[in-house]
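Peer 1: For the sequence shown, the residue numbers in this note's numbering are 114 to 243.
Worth flagging that the hints you see were computed from the coordinates, not collected in a lab. Bear in mind the structure is a predicted one, so any value in this text is a computation, not a measurement. Heads up, a few of these hints could be off.
With a straight-line cut-off of 27 Å between C-alpha atoms, the simulated BS3-like cross-links for lysine-lysine are [claimed, not checked]:
(1) Lys229 / Lys149
(2) Lys115 / Lys217
(3) Lys115 / Lys149
(4) Lys149 / Lys217
(5) Lys211 / Lys149
(6) Lys229 / Lys217
(7) Lys115 / Lys211
Pairwise CB distance ranges, derived in the manner of DEER restraints [to be verified]:
(8) Asp119 / Ser173: 20 to 28 Å
(9) Ile227 / Gln140: 26 to 34 Å
(10) Gln210 / Ile166: 20 to 28 Å
(11) Ala141 / Tyr241: 53 to 61 Å
(12) Gln224 / Gln196: 38 to 46 Å
(13) Gly142 / Asp169: 30 to 38 Å
(14) Ala170 / Ile207: 22 to 30 Å
(15) Asp169 / Thr235: 42 to 50 Å
(16) Leu231 / Gly179: 53 to 61 Å
(17) Met146 / Ile198: 33 to 41 Å
(18) Gln140 / Gly179: 40 to 48 Å
Just so it is clear, CB atoms sit at the ideal spot from N, CA and C, and this is done for glycine as well.
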Amino acid sequence: MKIANDIRWLGSGPRCGIGEIILPEVQAGSSIMPGKVNPVIPEALCQVAAQVIGNDATISVAGLSGNFELNVMMPVMAYNLLQSITLLSNATRIFTQKCVSGLKANEERCQEMIQKSLAMVTAFKPAYRL
114 MKIANDIRWL
124 GSGPRCGIGE
134 IILPEVQAGS
144 SIMPGKVNPV
154 IPEALCQVAA
164 QVIGNDATIS
174 VAGLSGNFEL
184 NVMMPVMAYN
194 LLQSITLLSN
204 ATRIFTQKCV
214 SGLKANEERC
224 QEMIQKSLAM
234 VTAFKPAYRL
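Kindly generate the complete structure, drawing on both the sequences and the hints.
Peer 2: Below, the structure is given as structure tokens:
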């Protein structure tokens, strides 16, 4: 979820976002923002991550529900674990194929952000010897 969200934010734009990377176009762009590429693949991966987090919570609660050597919740634990494995393997494969492999740096925007960075001021600060 962290990586997908970072890619989504770094690809936001074209006017008011960060826009440091160019996302591959997977579907038609925004109807209200010309030039915008909707981050549908990163958003889908975030949804998968949310489902897996929910599955993990279910597995945790089911694990707490065992009594002595018997846990009647084993079927739901197994189901959610297998579903999570399937979801994550499919989603990461699609994320790699349809998003990560097509990412490009927006060199013009990156250069603009460097020029506006306050860190550039440190190059002009005189060096002092002690």
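Peer 1: If you check each hint against the structure, which ones fail?
Peer 2: Nothing - there is no hint that the structure violates, so all of them hold.
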